[in-house]
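Peer 1: On the provided structure of chain L, position chain P as indicated by the hints.
Here are the chains, one letter per residue:
Number of protein chains: 2
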Amino acid sequence: MALIVQKYGGSSVADAEKMLSVARRVAKNRREGNEVVVVVSAPGDTTDELIAKAQQITDSPDEREMDVLLATGEQQSIALLSIALKSLGCDAISFTGPQVGIVTDDVHTKARIVRVGDSKIRSALNLGKVVIVAGFQGENKEHEITTLGRGGSDLTAVAIAAALKADVCEFYKDVDGVFTANPSMVKDAKKITFISYDEMLEMASAGAQVLNARSVEFAKNFGIKIHVRPTFNEKEGTIVMQETKAMEKVVISGVTYNKNEAKITVRGVPDRPGIASILFSKLGKAGINVDMIIQNIGEKGHSDVSFTVDKSEFKKAMKVVGEASKTLKPAGILSDEGIAKVSVVGVGMRSHSGVAANMFKALAEAGVNIEMISTSEIKISVVIDEKDVTKAVAAIHKKFNLGKKVSGVRG
Amino acid sequence: MALIVQKYGGSSVADAEKMLSVARRVAKNRREGNEVVVVVSAPGDTTDELIAKAQQITDSPDEREMDVLLATGEQQSIALLSIALKSLGCDAISFTGPQVGIVTDDVHTKARIVRVGDSKIRSALNLGKVVIVAGFQGENKEHEITTLGRGGSDLTAVAIAAALKADVCEFYKDVDGVFTANPSMVKDAKKITFISYDEMLEMASAGAQVLNARSVEFAKNFGIKIHVRPTFNEKEGTIVMQETKAMEKVVISGVTYNKNEAKITVRGVPDRPGIASILFSKLGKAGINVDMIIQNIGEKGHSDVSFTVDKSEFKKAMKVVGEASKTLKPAGILSDEGIAKVSVVGVGMRSHSGVAANMFKALAEAGVNIEMISTSEIKISVVIDEKDVTKAVAAIHKKFNLGKKVSGVRG
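Note that the protein sequences, when read in sequence, are chains L and P. For what it's worth, the working numbering labels the leading residue of the first sequence as 11, then goes sequentially. For what it's worth, the working numbering labels the leading residue of the second sequence as 11, then goes sequentially.
Next up, chain L with everything else stripped away, as it sits in the complex (with noise of 0.2 Å):
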């Protein structure tokens, strides 16, 4: 018997047919002994049509206000999904976020979860009940509904797994597990069976999208063993867990890539201490997440600045840059937005040598040229340019022979 929290996304639930087919799999599992919390999202496009209510309102809808729109989302999965187990004979309760005591900060529409309550979850696991929460909702100090932003529900099923020290955590999602590389594009590309929290980190920020990054760092910092595996079978998936040695054996776990950043280039500004905290310290007070940084010495003591941010940050990146310029007065400003990063994720890389070069080798035999390069003690990134992405990732998975590893070879 074994304590699972499971969690559900919103194409899982999106119809009656699919709730009735993930009651029918959370029965199984509770019949087989195990006690079961389930966290959902919002049915389908439910929350794509409360965004769209508030915008037909106003172009800036009140944030607070927000929160309880899209609060009803999730709340409407987990009565849903609760009838559906009791159709089926199985019991079950559903709370609400603010119900089982996920307390979070107070900024809207995207809290941090400051504290999860259990005694709730347990007392009615201890009446043999199926738990089933609400994913992506909590409630500030006030009692002010909040949402947790993008990822928000897998995040609510780690903090539970957390609180309730649980056996393990599973993400069931469309995909049979996380790939050495995206499947749609290398098509010899192999799930992996296990995979260290650092380099799921890594491969989740560097673009693979089957796993939201704050997720598995909350995992990572309570030790919960995430299992990402396909809804609509019974295969085992993708284990997430603290590192082993035979991990270690492993030079490269992945290739990813990510096709949602811009590249900005700050050219010949004076190379001299202060420069790149003025730079970088006006786009943090803006809001903007900056990825890669790289500088370079350039002539007569002056550098280039390039850096990264999501397209979405585009534009706003640049009017930043652009006032900044008044105070560091560049040589000028360069920016491409058709480019994309690929990168190469593994802990055996500490260990291994000549990761670098075999990938930078794989890449200028496919004739795709480099302009950025950036690197981490377990992830290798490049900027290239957005065109060639399918040619370098399909390269670099042949170079490291990713599509003839044998599959569980890790655990």
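It is worth saying that the hints were derived from the structure and are not from the lab. Watch out, some of these pointers could steer you wrong.
Identical chains share a label here; the pair holds if one copy fits it or two copies do between them.
[Said to hold, decoys possible] Here are the simulated DSSO-like cross-link-like pairs (lysine-lysine), alpha carbons at most 30 Å apart as the crow flies: (1) K38 / K63; (2) K130 / K63; (3) K295 / K230; (4) K371 / K255.
Fair warning: this is a prediction, and the values are worked out from it, not measured in the lab.
Peer 2: Leaving out everything else, chain P in the frame of chain L:
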């Protein structure tokens, strides 16, 4: 400056345009210096759509979870109305039933209000905000979401008005007020300017659908003045309040009808004590509401008992009567689903004789046969053939000169 509680129904907030129209009206009331609390129902068909979603999963969805599901409708309305008000520059804040402290008993889907908190609302009003509260919902002592059943949002409005000792509780409807008869049936039906709680109660229970009897009773108990007024124009409607001397001068306030009842007659039962008790206690135990009851002594120490029930409970009632027959051994059971109840209501009846005679005369002149008669201090109801309703209401309306009353005479 007054403290006003306003209640808007689902059709008033069905889309963005209507929501903004309500918001403009509320904002105007606020600008005029009033403190305003708004209670809203779920937008348009939202509640029906949510019920349909549950029905797609199972025929008999769990009632606790139905409350969790249905409460999302009103939660959408409060968020959207608050967004609309803020977009117009009018400060507002929304609260769900549980947030505002509407505590109910444990009867899911038709809970009764036990207590209404006022501190949250008062604090927000003191900050100059318009307060928007979700109708129809509350929570029980264990913080489980409950809903109040039919007419629940009206009840929320009256309960909040009572807790705040509001000057008036305004109900915005898609009619101009309460009429002497249904205007779609009687062309010269007049809007009633003032009506007493008791008359309104009798009219509501006699079929006038503009206000729910539970809400009128609540308002009467706490002395809350109700103003029924039209949503889409600024006209005065009907004020429901404590009876005044002036009201007594008017014999009849209005004529109402109800086509949703069915009649059952149990013929030839022994005419001895306890017989009626056996029948009606069995019906009560089965949860069936009986409206009119008539008993006549028949021949040879036997009597006939007739009663009416809501059409939706007719089949259930017939089953109970069938079971009771094993004890009662009646000569026969008759039933008729094609009936209608027509009633005249007026506090002036108390001091005026001949009202019943006049009503019966009007019906006789119109060629309408009376099947049952039942009277209270301020109401006379008759059961007639369903096909005669329009004729009967028009004849009575004319007989009492209701179309020629000067509106406002009763203030």
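Peer 1: Determine for every hint whether it applies to the structure shown.
Peer 2: Each hint, compared with the structure:
In this assembly of identical chains, the alpha carbons of K38 and K63 lie at most 30 Å apart only when taken from different copies (23 Å versus 38 Å within one copy). Within a single copy, K130 and K63 get their C-alpha atoms only as close as 33 Å, which misses the 30 Å cut-off; across copies the closest is 27 Å, which meets it. In this assembly of identical chains, K295 and K230 lie within 30 Å of each other by CA distance solely inside one copy; the values are 28 Å within and 58 Å between copies. Within a single copy, K371 and K255 get their C-alpha atoms as close as 28 Å, which meets the 30 Å cut-off; across copies the closest is 100 Å, which misses it.
Figure legend: structure checked against the earlier numbered hints; every hint is met.
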